[in-house]
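Trainee: Protein chains in written order, with the numbering used here: chain F, 1299 to 1964; chain G, 0 to 163.
You may find that some hints are simply not true.
[Claimed, not checked] Here are the computed lysine to any residue pairs in the SDA-like style, where the Cα-Cα straight-line distance is at most 25 Å:
#	chain 1	residue 1	chain 2	residue 2
1	G	42	G	131
2	F	1441	F	1466
3	G	66	F	1707
4	G	3	F	1423
5	G	145	F	1707
6	F	1352	G	145
7	G	41	F	1411
8	G	145	F	1427
Hints were generated in silico from the structure; no laboratory data involved.
Note that the coordinates shown come from a computational prediction; the quantities given were computed from them, not determined experimentally.
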Amino acid sequence: MPEVLEKFLAEMGFALLEYTGNRAFLPLAELPPWFRELWGESDSVTIPVALADKSAFLENFLLEAEAFWQEASSAACRSETWLERSSSGRDIPLQARALHLGGKRIIAISSPDPEFREQVRILQTARNALLDHERLSREIQKKEILLHCIVHDLSQPLSVMHVAMDCLSEEPISEHSKQFLTLGKLASNQQETMIRDILHTFAADLQASLDAGIEGTASADLLECARKSMTVLLPTFETKGVRLRLDTGADLARPWPVRAEESRLQRIFSNLLENALRYTPAGASVTVGVEDEGAFLKAYVEDEGPGLPKDLRPEQIFGLFMKGKQSGGKAGLGLYFCRITVERWGGSIGCVTLPARGSRFWFRIPRAAEGARPSTTDVKSTRFTPENRALHTHPLRILFADDQKDIRTLTTYQLKRNGHKVVAVRNGQDALKAFRKKQFDVILLDQEMPGLTGDQVAQAIRKIEAGKKKSHTFLVAATGNTGSEDIDRLKALGFDSVLSKPFRLEDLHAILHATPPGRAASLDHTGATRAGNVDFSILLTRVGGDERLLARMIQTFLHDTPKRLAAIASALRRQDVEDLASLAHALKGSISIFGAEAARLKAQDLQEMARSGNLESAQPLMGSLKEEIANLLANLRGYAQQTPARPTSHRAKRQRPPRKRGEPRR
Amino acid sequence: MLQKKICMLGSFAVGKTSLVRRFVEGFYSDVYQTTVGVKIDKKNIQVNGGEVSLVLWDIYGEDDYQKMRWSYLRGASGYLLVADGTRRATLEKARQLEERARQEAGAIPFVFVINKCDLRQDWEVDDSFEMQMRAQNWSLLRSSAKTGEGVEEAFSLLAQKMLG
């Protein structure tokens, strides 16, 4: 080999060896220092080196190289980097390459030390970053779980408080006590808002980056959201004596589409309105308005309070846990939630003290194309409206699973009071057992129960329904986690609706009222009011609101009806058409008191059949009449158990209006 | 002396190099130093009354930056499959590596080691996972390169399995 080439290879740190077979190599040039450090001196280039015996890696590589030489492939045959430890303990990085040169089988080995160190440095940085990311993700996950546990634990007693106060408000209590009750409700509502703020804020923070893309295509109507939030908060404003008005300076008839998610946009308005109310004195006003800024639409809430706190800069007001000195016990999360949510949508938020008095909180969000996809993600889209409430006032067969005894007791009491049949169980296993035994219209499942969770029960129920081809049961999840991701997850698990915890009975009633009739009133084929579907509120109105009187009427009906049915059955057996017509007529009259239209129609059919003298179809008709009556009796019995009747004399005395001066004593 | 080649397989940063170092040199360092390429070590151990030389191929952990070169398994008598008990994803990765190793090298003996058992408070492995693995006849051990727990046992068990 020419001397210059030898020097070049030595300079480059290459060991060039010819493979002589039998795992031995003949050096073709002077061997570099690293080679000698690793595998000893080789004074003569004519003595073959048994490299494969010295290096396990090269032994392995030799197999690849031999295949390469045999195939005479043009593709490169290179090894990755490997490390050999010298006798002095130094790790030397090496790379090998098989070559065909002048008909010789060559292996070139080099030590790419500087490049290798650089490669290690880059990979070390990248992998450290990956490990940090994994570690942080785990930390966030742990905190999220902890947060949800805390929220769950805080929500449980709140649920009891809400339901207990709801129950209490329906009891006959003095006006004085009602005021205390209102105060209690306000305080528990405030507590609930704070808990929700914590949950929503942290959840929003966590999801900020993930949601950006999803929400880019969603839209909501800015003005519509403002109106909805105002409607919800109006009673609170009225209680405090603060006027709430919408600025009519803008065109309120046109759409105001923005790229935002509706429920969170409403929450922003609610937070700003609650904030304004907190600082506005009685007799003053809070004004909500919208403005068109071209690519952005702007909303603002103006109050007539003392203006922004002087110790905080406007941007600080939207900071985490930031609250003024007169914050009214809030957690300092509401405005922070507003900022991170608006910024996520590509908007901005700010506030300013107004020249005269008060302050203005504003935010602007990118305008959405009109007709963009509405951002409704809520399962509660089937929720209560006055229209469907009127349609579905029927009693339902409800299975209620909650591990908390107080919640079970109070909710069951209230549901039964509303005429529903309730089976309450304390865990998921019992819920599944009950579901297997009985048919229910609605199943309300707490999410976090020992053993089987609400999610698991829902999945099992849907599986059973699919397997046995059972009809679809309306499943409601009771949960403290009602972010759009949670709701999507619950939907995917088979839930039809979500009740956020701590729940109020009015929310539950709203969901029950909105339960699709095909599921709830599964036995109703006639379209008439079912025998079980008694609207006790209407009945109560008919008897002047006297629950005791109604209970008395029900007890009479419960007592008399079985006897009437027995008499009808007897008349039918005897084919006594005259007696049968008379008895069916009497039964029809008593049924009609309770508005059970389907049962009344069947009694009427029987009466007419008897009058016609043709009793051919009377037996099956009698069967279905008995079924309707049984439903009605069961329903009335449930009501009667909740409301024991008192002697009529007491009732009459209480209901009698006060006698006017000069009016004769009755 | 009988010589047996063992490969170390597993995700990056599960502790393969630390296990080898603990086993061969009795040394441990808390500083994570990523492995680039392959490093080969040897250690002689007594198995069933005879001495065996274990040739340990410490191969870089597979990730997005470096893909495993399966030709390294050529001639291997067994492998130590390593996962990090504090990182659930590395357990799933171990399953994938085992499947691939079976395709490449056939059903050669292996021992599954869940490393970092000194960090039990951060453990992401539940008992059911271990039961599931054992139900598939996997030889499973918990180890800590830091404390040395289970390290000798893992290599010895693998050596015994390799020697039949």
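Trainee: Would you mind marking each hint as holding or not holding in the structure?
Mentor: Okay, the hints, checked on the actual structure:
{"no.": "1", "hint": "G:42 with G:131", "result": "32 Å, violated"}
{"no.": "2", "hint": "F:1441 with F:1466", "result": "37 Å, violated"}
{"no.": "3", "hint": "G:66 with F:1707", "result": "60 Å, violated"}
{"no.": "4", "hint": "G:3 with F:1423", "result": "34 Å, violated"}
{"no.": "5", "hint": "G:145 with F:1707", "result": "55 Å, violated"}
{"no.": "6", "hint": "F:1352 with G:145", "result": "31 Å, violated"}
{"no.": "7", "hint": "G:41 with F:1411", "result": "23 Å, holds"}
{"no.": "8", "hint": "G:145 with F:1427", "result": "22 Å, holds"}
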